[in-house]
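Chains as they are written, first to last, in the numbering used here: chain Y, 1 to 530; chain X, 1001 to 1207.
Please keep in mind that the hints were generated in silico from the structure rather than gathered at the bench. Each hint should be verified, as a subset may be incorrect.
Stated by the list, open to error - Below, a sample of chain X positions facing chain Y; criterion: calculated Cβ distance under 8 Å:
no.: 1; residue: Val1023
no.: 2; residue: Ala1030
no.: 3; residue: Val1031
no.: 4; residue: Ser1048
no.: 5; residue: Arg1050
no.: 6; residue: Ala1066
no.: 7; residue: Trp1145
no.: 8; residue: Trp1156
no.: 9; residue: Ala1178
no.: 10; residue: Glu1179
no.: 11; residue: Cys1181
no.: 12; residue: Arg1199
To be verified - Residues from chain Y shown here face chain X by an in silico Cβ test under 8 Å; the list is partial:
no.: 13; residue: Tyr277
no.: 14; residue: Ile318
no.: 15; residue: Ser512
no.: 16; residue: Pro514
no.: 17; residue: Pro515
Quick reminder that beta carbons are idealized off the backbone N, C-alpha and C, glycines included.
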Amino acid sequence: MTTVALERPRPTGLVGWLASTDHKRVALLQLGASLVFFVASGLAAMLMRSELAEPGMQIVSRQSYDELFTIHGSGMVYLTITPLALAVGLYLIPLHIGAAELAWPRLALLGFWLYVAGGVIMFLGFAIDHGAAKAGWFATYPLSNAANTSGKGQDMWICGVFLAVLGNTIQSGSLLATIVRKRAPGMTMARLSPFTWSMLVTVLLALTSFPVLLGTMAALEWDRLQGGVFDGHYGPVAYQLLFWFYGHPVVYVMFFPFVGMAAEVISAFSGRRFFAYKGFTFSILLFAALSMSVWAHHMFATGRVNNEYFSLTSTMLIVPAGLEYFALIWTMVGGAIVFSTAMLFAIGFLLLFLIGGLTGVIVASPPLDYHLTDSYFYVAHFHYALFGGSLFAFFAGAYYWFPKVTGVLLRESLGKLHFWLMVIGANLTFFPMLVLGFEGMPRRVATYPERFTTLNVVATAGGFVIALGVLVFLANVWWSLRRRVPAGNDPFGGPTLEWWTTSPPPRLNFDSLPPIRSFAPLFDVRENRP
Amino acid sequence: MLASDTRAEFTSLFSLYVWVTIVTAVIVFAVVLFAAWRYRSRPGRVASARDESILVELLFALVLVAVVVVLVTRTFTTEDRVDAVASNAKRQVEVTAFKWGWRFTYAGTGVSVVGDNLRPPTLHLPVGEPVVFVERSQDVVHSFWVPALRFKRDAWPDADTRFELTVESAGVYAGRCAEFCGLHHSDMNFTVVAESRARFERWLAAQ
């Protein structure tokens, strides 16, 4: 006697998308939502750059400016880069490990909706009396208490951050369980792709640090409603320590997945196995462990933490970061490099993130940070890291995996235009900020002395070049989806399992799997290794 | 050089870091661009099959550790000097920060200068003499920053912070709040007037 499993018909149309537990659909929803928040937070930045094109106040009020930089920072950190990283993970991890589905797919879907709800609530602050939150993306206490920042916009911000981060935390759990429990036969931990390793350390960081922020946000809201949490002696310092215990690991949550994406792109377009796989894996684990112990380097100028300890741990990050660079660059050395748009963005990532990383070494030294912290030097530092680093690697990944996700190729000519606009725009915008900060321009000001005008004009012009670049990318996506150039299963000769299946992959990902004998199983197949 | 000459300490340490930064950036840019050109795909080019080189990685890790040791050592020795605060300072200024201005009180003299975002105050200081600052906020967290002295320190509502500065050359310097503190943060400025001891004493007596 045979038993036949009857499958319930899957919902189609809108419900089939919005309620799907298919990891690819959840991931695409989250990718779409984070790109919407990216554009919205980017528009806030464009308004800020427009205001800063001249000294004095021209376009927005002081209060609106405070709302804009708060929502720009919050929108990018909580609603764009972190969820974007997780979205790429949700899409690719099951494919990379040869799994049919995520572990706990309903939780991943719940995580997505919590995140969207949080983002919408945060942005709705603009629609109410007294406007959106205006205490900055880390809401320093007591600035963020009820007496100093009145208005429901701040409460909505706390609620939004809480929900979004809760959603991200839940998804991190789902991803961790997937990597640990759902690997295909033969896919040992030592054969995980570099991207999978980078996501694994990312979700470990998220699961250890995000819950602390959830508690801190709950405590901050309690303080706003009732008082009595952070308002005593040491309360303001305690708030900052708790916040940065989340806030520094999250910087690497916004970095590791993108290093992993760059690693895959560089390996594919150099036509060879990722170099120094073991060293890379070891260094990224060391990197993650160390990055849990650096949080108070955001507090060197407070005079209230042990600067030398945090300076030591932060400077030690040079070692794993250097080893990662070694692996990425030595994959190119000896390769046969194809200059696709994806590869150009990966090279852009290497060079621009380098500026972010090296300026990071400078601000990890307290006597230097005393001058540079909270200045535009610091703004330039983390924009080189997050924009020049994370977003460049995201675009590298976008050009690389778009054919897998949609079945069609993105246009290379528009892609190269996009790349050059981003390179020029990023440097025009962020390099002048290094000088401005050194010369004494603080962050989070709506106006500045006359002598800073020229460099601010350059930065504003650069901002518009970036905006143009983003428009070219969106046009490329639209155009490529309308005038379809079919990609086939494996247009680039990639190393990992997703290139074995169809583009886009079927509901359960694979009809068959090749033997998995290394972290680059498709190279094994092509090279006919036993 | 006095221990509290923060500008000189900064300049000396910063030049080390900037050299390390520039050398690293030049090497990485050169290697990446060279590799991109040398190993570009072209007819007959076959990618190397080698996939690791443990010895090179270990040697490279040692180089990185050495860089860390040099940077951290220089940072720690500099920081010990910059953070030192004399316990028996002759001159002490109490800095009170508030939304959105400053009060500077010269301890033991009864002289106090106050100003806000509309009329920023002026902080007179004697040149070449270490001054101890005791800083406190009346409301939110502010930060006392004099870019020309390459130094800032936060002002807290719940505790004092103490630091020592020496201005080495006479002049007029911009000072301002560096920690976002609300609506008029952009204009929470002050001016530092550094002058000879004699002129400073005259100014103090005239108050």
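- Cut-off 8 Å, beta-carbon criterion: hint that Glu1179(X) touches chain Y: Because about 6 Å separates Glu1179(X) from the closest Cβ in chain Y, which is inside the 8 Å limit, the hint holds.
- Query: Going by Cβ atoms only, is Ser512(Y) closer than 8 Å to chain X?
  - Reply: 26 Å, violated
- Item | Given hint Ala1066(X) near chain Y, where the shortest CB pair must fall under 8 Å | 10 Å, violated
- Answer holds if the nearest beta-carbon of chain Y is closer than 8 Å to that of Cys1181(X); otherwise answer violated. Hint on Cys1181(X): holds, closest Cβ of chain Y at ~6 Å, below 8 Å.
- Task: Verify the interface restraint on Val1023(X): the C-beta must sit less than 8 Å from at least one C-beta of chain Y.
- Result: 10 Å, violated
- Against chain X, with CB atoms and a cut of 8 Å, does the hint on Pro514(Y) hold up? 19 Å, violated
- Regarding the hint that Val1031(X) lies at the interface with chain Y, is the smallest CB-CB distance below 8 Å? Nearest chain Y Cβ about 6 Å off; hint holds.
- Message: So, as I understand it, the hint says Ile318(Y) touches chain X; can you test that by seeing if any CB pair is closer than 8 Å?
- Response: Result: holds, 5 Å to nearest chain X Cβ.
- Query: With 8 Å as the cut and Cβ atoms as the points, is Pro515(Y) at the interface with chain X?
  - Reply: 18 Å, violated
- Query: Are Trp1156(X) and chain Y close enough, Cβ to Cβ, to be under 8 Å, as the hint says?
  - Reply: 6 Å, holds
- chain X contact restraint on Tyr277(Y) - CB to CB distance below 8 Å: For Tyr277(Y), the interface hint holds, since the closest Cβ of chain X sits about 7 Å away, which is under 8 Å.
- Minimum beta-carbon distance criterion (8 Å), Ala1178(X) to chain Y: 4 Å, holds
The earlier numbered hints that this structure contradicts are 1, 2, 6, 12, 15, 16, 17.
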